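Peer 1: If you read the sequences in order, they're chains V and H.
Residue numbering for the first sequence is 521 to 874, as defined by our numbering.
Residue numbering for the second sequence is 5 to 282, as defined by our numbering.
Calculated directly from the structure, the hints in this document are not laboratory data.
Predicted model, so just to flag it, every value in this text is computed and none were measured.
The C-beta atom is built at its ideal place from N, Cα and C for all residues, glycine as well.
Just to be clear, a hint being listed does not mean it is correct.
Said to hold, decoys possible - A few chain H residues facing chain V, derived, Cβ under 10 Å:
1. 186
2. 189
3. 191
4. 197
Said to hold, decoys possible - Covered stretches of chain H (in silico footprint by chain V; criterion: 3 or more residues with CB under 8 Å from a CB of chain V, positions within the stretch not fixed):
5. 170 to 184
6. 201 to 213
What the hints assert, rightly or not - Using C-beta positions, here's what the derived DEER-type ranges look like:
7. V:651 x H:91: 22 to 32 Å
8. V:652 x H:91: 21 to 31 Å
9. V:534 x H:101: 18 to 28 Å
10. V:586 x H:101: 16 to 26 Å
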Amino acid sequence: MTPAFLSIRGLRQTYGSFVAVDDVSLEIPEGEFLTFLGPSGSGKSTTLYALAGFNEPTSGDILLKGASILATPSHRRNIGMVFQRYTLFPHLNVRENVAFPLRVRGQAEPEIAARVSQMLALVQLEAFADRMPGNLSGGQQQRVALARALAYDPPVLLMDEPLSALDKKLREEIQIEIRRIHRETGVTILYVTHDQEEALRLSDRIAVFNRGRIEQVGSGRDLYHNPATRFVAGFIGDSNFLDTAEVAVSGDRGRVVFPDGTAMADLPVHRSAPGGGATAAQVMVRPQSLRLAATGLPVRVLDVTFLGDTSTVQFRTDWGQEIWMRAGAEEIAGLSPGASAQLGWAPGESHLFL
Amino acid sequence: MAANASVPRRQWRGFGPAVPALVLLALFFVIPVVSLLLRSILEPEPGLQNYAELFATSTYARVLYNTFLVAFVVTAVSLLLGYPVAWLLAIMPQRYANLVLAIILVSMWTNLLARTYAWMVLLQRTGVINTTLMKLGLISEPLALVKNLTGVTIGMTYIMLPFIILPLYASIRAIDPTTLQAAALCGAGRWQAFRRVLLPLSAPGAAAGGLMVFVMSLGYFVTPALLGSASQMMLAEMIAQLVQSLLNWGLGSAAAFILLTVTLALYAVQIRFFGGMR
Numbered sequence: 521m522t523p524a525f526l527s528i529r530g531l532r533q534t535y536g537s538f539v540a541v542d543d544v545s546l547e548i549p550e551g552e553f554l555t556f557l558g559p560s561g562s563g564k565s566t567t568l569y570a571l572a573g574f575n576e577p578t579s580g581d582i583l584l585k586g587a588s589i590l591a592t593p594s595h596r597r598n599i600g601m602v603f604q605r606y607t608l609f610p611h612l613n614v615r616e617n618v619a620f621p622l623r624v625r626g627q628a629e630p631e632i633a634a635r636v637s638q639m640l641a642l643v644q645l646e647a648f649a650d651r652m653p654g655n656l657s658g659g660q661q662q663r664v665a666l667a668r669a670l671a672y673d674p675p676v677l678l679m680d681e682p683l684s685a686l687d688k689k690l691r692e693e694i695q696i697e698i699r700r701i702h703r704e705t706g707v708t709i710l711y712v713t714h715d716q717e718e719a720l721r722l723s724d725r726i727a728v729f730n731r732g733r734i735e736q737v738g739s740g741r742d743l744y745h746n747p748a749t750r751f752v753a754g755f756i757g758d759s760n761f762l763d764t765a766e767v768a769v770s771g772d773r774g775r776v777v778f779p780d781g782t783a784m785a786d787l788p789v790h791r792s793a794p795g796g797g798a799t800a801a802q803v804m805v806r807p808q809s810l811r812l813a814a815t816g817l818p819v820r821v822l823d824v825t826f827l828g829d830t831s832t833v834q835f836r837t838d839w840g841q842e843i844w845m846r847a848g849a850e851e852i853a854g855l856s857p858g859a860s861a862q863l864g865w866a867p868g869e870s871h872l873f874l
Numbered sequence: 005m006a007a008n009a010s011v012p013r014r015q016w017r018g019f020g021p022a023v024p025a026l027v028l029l030a031l032f033f034v035i036p037v038v039s040l041l042l043r044s045i046l047e048p049e050p051g052l053q054n055y056a057e058l059f060a061t062s063t064y065a066r067v068l069y070n071t072f073l074v075a076f077v078v079t080a081v082s083l084l085l086g087y088p089v090a091w092l093l094a095i096m097p098q099r100y101a102n103l104v105l106a107i108i109l110v111s112m113w114t115n116l117l118a119r120t121y122a123w124m125v126l127l128q129r130t131g132v133i134n135t136t137l138m139k140l141g142l143i144s145e146p147l148a149l150v151k152n153l154t155g156v157t158i159g160m161t162y163i164m165l166p167f168i169i170l171p172l173y174a175s176i177r178a179i180d181p182t183t184l185q186a187a188a189l190c191g192a193g194r195w196q197a198f199r200r201v202l203l204p205l206s207a208p209g210a211a212a213g214g215l216m217v218f219v220m221s222l223g224y225f226v227t228p229a230l231l232g233s234a235s236q237m238m239l240a241e242m243i244a245q246l247v248q249s250l251l252n253w254g255l256g257s258a259a260a261f262i263l264l265t266v267t268l269a270l271y272a273v274q275i276r277f278f279g280g281m282r
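Please take these sequences and the hints and turn them into a complete structure.
Peer 2: Take a look at the structure:
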């Protein structure tokens, strides 16, 4: 087997008795945009820092083009990074910030000038070349940081929640910019975020981190439609989890009886459940998979919220669990708080987690 | 019009309680300085002959040269020694940093004479340093470490170090550590990161500390008087001698005024480039 462009093998990072990263392995092809998605403290940033050389893994290995990089100090790894905080050098203007890695490498002045203007064009900040970082907006600073990180043509670009300090509108603007820059440069990007929407928007593949482990790696579509674990199902997209009273499994399909006696068959079964908290079997169904039905799960309407394009309805089951549905305005026209209704869904669109 | 008048009035509000201190400053600082200047140009007769004498007489010029040389060397050596200490303080865990800071402060607060005499004991011909070096066979006869400018420089560097370390420590601590991580990933090794990032970002602290040490060194009296010699005098000693022994107030005032002028000029330079003390 030829080694992947970048491989992370059995990476483990412990601090005393705390396991920050637990046996993380990933094979990353050249040019991929891979996002580490997970809640804070899930080990995604720690994994990224191991790549940057800021912490030394307890065990495991990281190979770039087949060779381990762990013995190489940060400043010789030739890896690019954009940080969560603004890390432009405050005493240098935009041009000199982008030139910094080239000057450190002792490149000739004409080369540096050419490369800097090429990079500033890439992030569309030519007009700001002489500004000091303090006179730039947060979004502009991160774009300069991006130009600085790409100036020396690194094989891998690390991005540690670079947009978390920006407001939503600006974030979306820069996400589009990052996608364009990824397309234009073809650089392999490892991106850390806790924002699932950002991950879905940007990535070729997403690695979902939870408690120091990777729960699932796949495209956004994969993770959404075929979540491997309860945690992934809960983290990617909106979801309802329903308790069950009885479960019968045959092959990869299962039949459940809900606590109120309603039965449902033909649900796709997921056995492995390392994440999540609950141990009892649960059925996961997306809010937009729910339909009002003639016969189904009997529920009572708690609240109806109009949100423009769609509306959401809050229900409560007979055994007291809350469940919500997203639907068009006309579909739920007759519903008002206190009314009873029956909910149904295509069994294939829900998942039974054992 | 009424609005215009109210602005300066608001700026002056709270002026009242400052009056005693300002009167004190005027009485005991501004007036003496002015009278100093007047004496330097009026005694024994009006004119600049006091200044001319200071620069033209080789003994006095020599003293000026010694003073600036020692102040410069003390400042440079303090900066060289202080940078690693300030850096270490900034990166070590807070409780250890507090301990080291306490040691620095205690040394600073210990009586100046006690510290200076201690150096005399260490540096003299039969002192600890010379006897140790001789026992080790590194030197065959004692080095002249005291009663000369070497002794003055050593003693003053020791006394001035905290004044460099503290402002440097403050300005290094204000630097975001991720900035240095970013520098490392950009390819900067230790030396490059120091030269291109840490040094420029801590320059205001170095300038503030350096200026303070240089100015204090120019006018220092106790250490040069104890560790130096009459043949290699420094300016403060010379002023004391001119005024006390020779009763030459005109010349003494001129020398003091040169010191004041140089100090103000240096301070102006610092404000120009680093925005003053912070």
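Peer 1: Indicate, hint by hint, whether the structure satisfies it.
Peer 2: Here is how each hint holds up against the structure:
Given hint, residue 186 of chain H at the interface with chain V, holds; its Cβ is 4 Å from that chain's nearest Cβ, closer than 10 Å. Checking residue 189 of chain H against chain V by beta carbon gives a least distance of about 5 Å; that is within 10 Å, so the hint holds. Proximity of residue 191 of chain H to chain V holds as hinted, the smallest CB-CB distance being about 5 Å (cut-off 10 Å). Checking residue 197 of chain H against chain V: minimum C-beta separation of about 8 Å stays under 10 Å; hint holds.
Against chain V, the segment 170 to 184 of chain H contributes 3 residues with a C-beta closer than 8 Å to a partner C-beta. That satisfies the three-residue criterion, and the hint holds. Using a Cβ-Cβ cut-off of 8 Å, 3 residues of the segment 201 to 213 of chain H lie near chain V, which meets the minimum of three, so the contact claim holds. A hinted range of 22 to 32 Å holds for the C-beta pair residue 651 of chain V and residue 91 of chain H, which are about 30 Å apart. One distance hint, 21 to 31 Å for the beta-carbon pair residue 652 of chain V and residue 91 of chain H, holds here, with the actual separation near 25 Å.
The hinted window of 18 to 28 Å between residue 534 of chain V and residue 101 of chain H holds, with their beta carbons roughly 27 Å apart. Between residue 586 of chain V and residue 101 of chain H the Cβ separation comes to about 43 Å, which falls outside the hinted range of 16 to 26 Å.
Checked against the numbered hints above, the structure violates only hint 10.
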